[in-house]
Amino acid sequence: MVIATDNTAPQAYGAAGLLSTPERPPVRRRRLTREQWIGRLASYGLLVFFALFFLYPFVIQISNAFKTESDANTHPLRLIPAPFATDSFLRIFNGTDFPMWALNSVIVTVVVTVGRVFLDSLAGYALARLRFGGRRAIFAAIIAVMSVPGVVLLIPKFLVLNQLGIYDSYAGLIIPLLTDAAGVFIMKQFFESVPESLEEAARMDGAGVFRTYWSVVLPLAKPALITLTILSFQGSWNEFPHTLVAVESPDLYTLPRGLAQLVTGSLGAGTQYPLKLGAALLTLIPVTILFIVFQKRFVRGATEGATKE
Amino acid sequence: MAVTSVTPSVTTAAPRPGRRRSRLRGPERTAGWLFVAPVIVLLTVFLLVPILMAVWVSLTKWNGQGSPFRSGVPVAGFDNYTRLFTVDGLTRQDFMTSIRNTFYYVLLVVPLQTALALGLALVVNRQLLRAKTFFRTAFYFPSITSSVAISVVFIFLFLNGGAINGMLSVFGIDGPNWLSDARGLFHVILNAIGVVDIDAPPALLTGNEVLGLSWWQWLSGPSVGMCTIITLVVWTTSGTFMLMFLAALQGIPVQVDEASMLDGANPWQHLRRVTIPLLKPTMFLVLTLGLISTWQVFDQIYVMSQGGPAKTTLSPAYLSFRTAFFSFNYGSGAAISFILFAIIIVMTLLQRWVMRDRDATRRSWWSRLKRAGRS
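Respectively, the protein sequence lines represent chains D and Z. The working numbering puts the last residue of the first sequence at 309; the count rises by one with no breaks. The working numbering puts the last residue of the second sequence at 1375; the count rises by one with no breaks.
Calculated directly from the structure, the hints in this document are not laboratory data. Certain hints may be false.
Computed cross-link-like contacts, DSS-like style, restricted to lysine-lysine with a CA-CA straight-line distance of at most 30 Å [claimed, not checked]: (1) Z:Lys-1280 - D:Lys-296; (2) D:Lys-222 - Z:Lys-1132; (3) Z:Lys-1132 - D:Lys-296.
Ranges of calculated distance between the beta carbons of each label pair, as one might list FRET restraints [as the list claims (entries may be wrong)]: (4) D:Arg-78 - Z:Ser-1067: 41 to 47 Å; (5) D:Met-100 - Z:Ser-1067: 48 to 54 Å; (6) Z:Ile-1345 - D:Met-100: 39 to 45 Å; (7) Z:Ser-1067 - D:Ser-249: 30 to 36 Å; (8) D:Leu-52 - Z:Ser-1214: 41 to 47 Å; (9) D:Met-100 - Z:Ser-1214: 45 to 51 Å; (10) D:Ala-140 - Z:Lys-1280: 50 to 56 Å; (11) D:Ile-285 - Z:Gly-1064: 23 to 29 Å; (12) Z:Pro-1267 - D:Asp-97: 52 to 58 Å; (13) Z:Pro-1277 - D:Pro-223: 32 to 38 Å; (14) D:Ile-285 - Z:Ile-1345: 21 to 27 Å.
Where a beta carbon is used, it is the ideal one built from N, C-alpha and C, also for glycine.
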């Protein structure tokens, strides 16, 4: 109420409360607008509160990554590091295997993303457009596969990698991630929404099926491909449980695995929070940049993902 | 689907294209199979076959040495499964503890994240608000971050002398040592209001055991340590579910809102009688996804607590992993993961059944009332 009077709202809103007693019929409307107005203030208050709730942990993370260890331990809430220290980052690059983890993460993410976009779009196109026996059965199987929870597959995946002799190798780290049922589903949905006329024209010109797909259909599918690229990038960059059952030698750790090792391993016994927060911060950067640039596609990806399951 | 089903009828209607189509059918069939082949092969080799392998392993006592499919591997039959339920021992105790922990975890996380997501969506969706996109983005951001990286941040926040306790001390609250506090939340609350003494729990509850745990242990509620993971997960997932609610809210025609306003519904009535019923499919989706994903909790536990303090954050997923890869008891680990799979399937079916049932009864009740009113 007090805050409300400070606001530069039109006079009518402020007056509504005073005028509310004499005349009955208009009262209702005016009181409603006043209520709406207070409601709006409350909404903004809530929004700001929750923005802090969701973002403040990152603020604390950033400021503590630039503190000395004792400063972080004694004043975790202080926003401005005193003294401003970059020690933790020097130690991340010189005292840990962070650069190697980052390199492994880049390799895995790039290969997995390219693989997923290509294989998922191929399969999605076939399921949406090509007529062949067993198509429905395959699609049903893919939907069924999508509902198998990931953590249930940890031991099974280990067994098969072991049996194939690719446990603890890049192959084991990458190949099982090369396709995902959800991606196939997204692509299939997309291709079904595109008119068929262009493809027909290409075919009439004598282009083969793959040629049509590659030079006519794919360029049309750009929006869906970008969404899929983003989802795959984010998914494989953040992937953690799979790395636990696919590799054991530290040379093959990706960032999440290395980070987990840093926290839970014998190294993590000490505090070293600025270092850990700094390493976590650097891990978050690529996906954050992607998120800021492609916000809308992330949002679309989430709601599209919603309809799939 | 619609497009593909239309095409054949078009092509058969005109004789010539029909003939051309039959010429195309051969290459198209081959191409179709070639296009889906990589996905089929990968999903078969890395999903279907491994599950079958794990079914076999869950029936053995394989310890990780050599191949589980050679002849010398000791076969256990259903031993690994019965040990989880009927044989009194550490295996059952740990498994039941993990079930209890995760039950309370699900019980808190699912309603909290759903309510928060719905609340945020309703506020963000209010008309005439500026900077909607910024807030929507801010709320959603934690959802896309690495679970490991964010767990590291939350460990720091919940340290004994850390940020959360620092904030609580502003309000004169002396926060607990979150990450190493194994006391159950229900125990703490009952103790605080003087119903039971946490240090001397009633013998009636501690004396009787069900499935390897005493009633006192079953009724503990989530441990204080588990509450940190609950907070973390609610914080990360609400944003995604908010987007789903937002998409649904934006699909509600403006006329619906206007009509209920004209009928004189106050905002609360409007929310309860108009908006929420219209959001029911989304609510169902969010609750189902929530139930499925919460039972799988793993990453956060691996990083933040490794099942501790005092096993109060063990989850079936983490226990399965630990049993296989730390204790080299792959058979038991696989058995746990299949039970978890079964739990998730049952939860989904149960949820579907409850929602459908309630809908049906309410509708029949409503139509009966209307009929009664008319006569």
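Here is how each hint holds up against the structure:
1. Z:Lys-1280 - D:Lys-296: 25 Å, holds
2. D:Lys-222 - Z:Lys-1132: 27 Å, holds
3. Z:Lys-1132 - D:Lys-296: The hint holds at about 13 Å.
4. D:Arg-78 - Z:Ser-1067: 41 to 47 Å: Given about 56 Å between the Cβ atoms, the range is violated.
5. D:Met-100 - Z:Ser-1067: 48 to 54 Å: 31 Å, violated
6. Z:Ile-1345 - D:Met-100: 39 to 45 Å: The hinted range 39 to 45 Å holds for Ile-1345 (chain Z) and Met-100 (chain D), with Cβ atoms some 40 Å apart.
7. Z:Ser-1067 - D:Ser-249: 30 to 36 Å: 21 Å, violated
8. D:Leu-52 - Z:Ser-1214: 41 to 47 Å: 42 Å, holds
9. D:Met-100 - Z:Ser-1214: 45 to 51 Å: About 48 Å separates the Cβ atoms of Met-100 (chain D) and Ser-1214 (chain Z), which means 45 to 51 Å holds.
10. D:Ala-140 - Z:Lys-1280: 50 to 56 Å: This hint is violated: roughly 27 Å between Cβ atoms.
11. D:Ile-285 - Z:Gly-1064: 23 to 29 Å: This hint is violated: roughly 37 Å between Cβ atoms.
12. Z:Pro-1267 - D:Asp-97: 52 to 58 Å: Holds - the Cβ-Cβ distance for Pro-1267 (chain Z) and Asp-97 (chain D), about 56 Å, lies within 52 to 58 Å.
13. Z:Pro-1277 - D:Pro-223: 32 to 38 Å: Hint holds: Cβ distance 33 Å, inside 32 to 38 Å.
14. D:Ile-285 - Z:Ile-1345: 21 to 27 Å: 38 Å, violated
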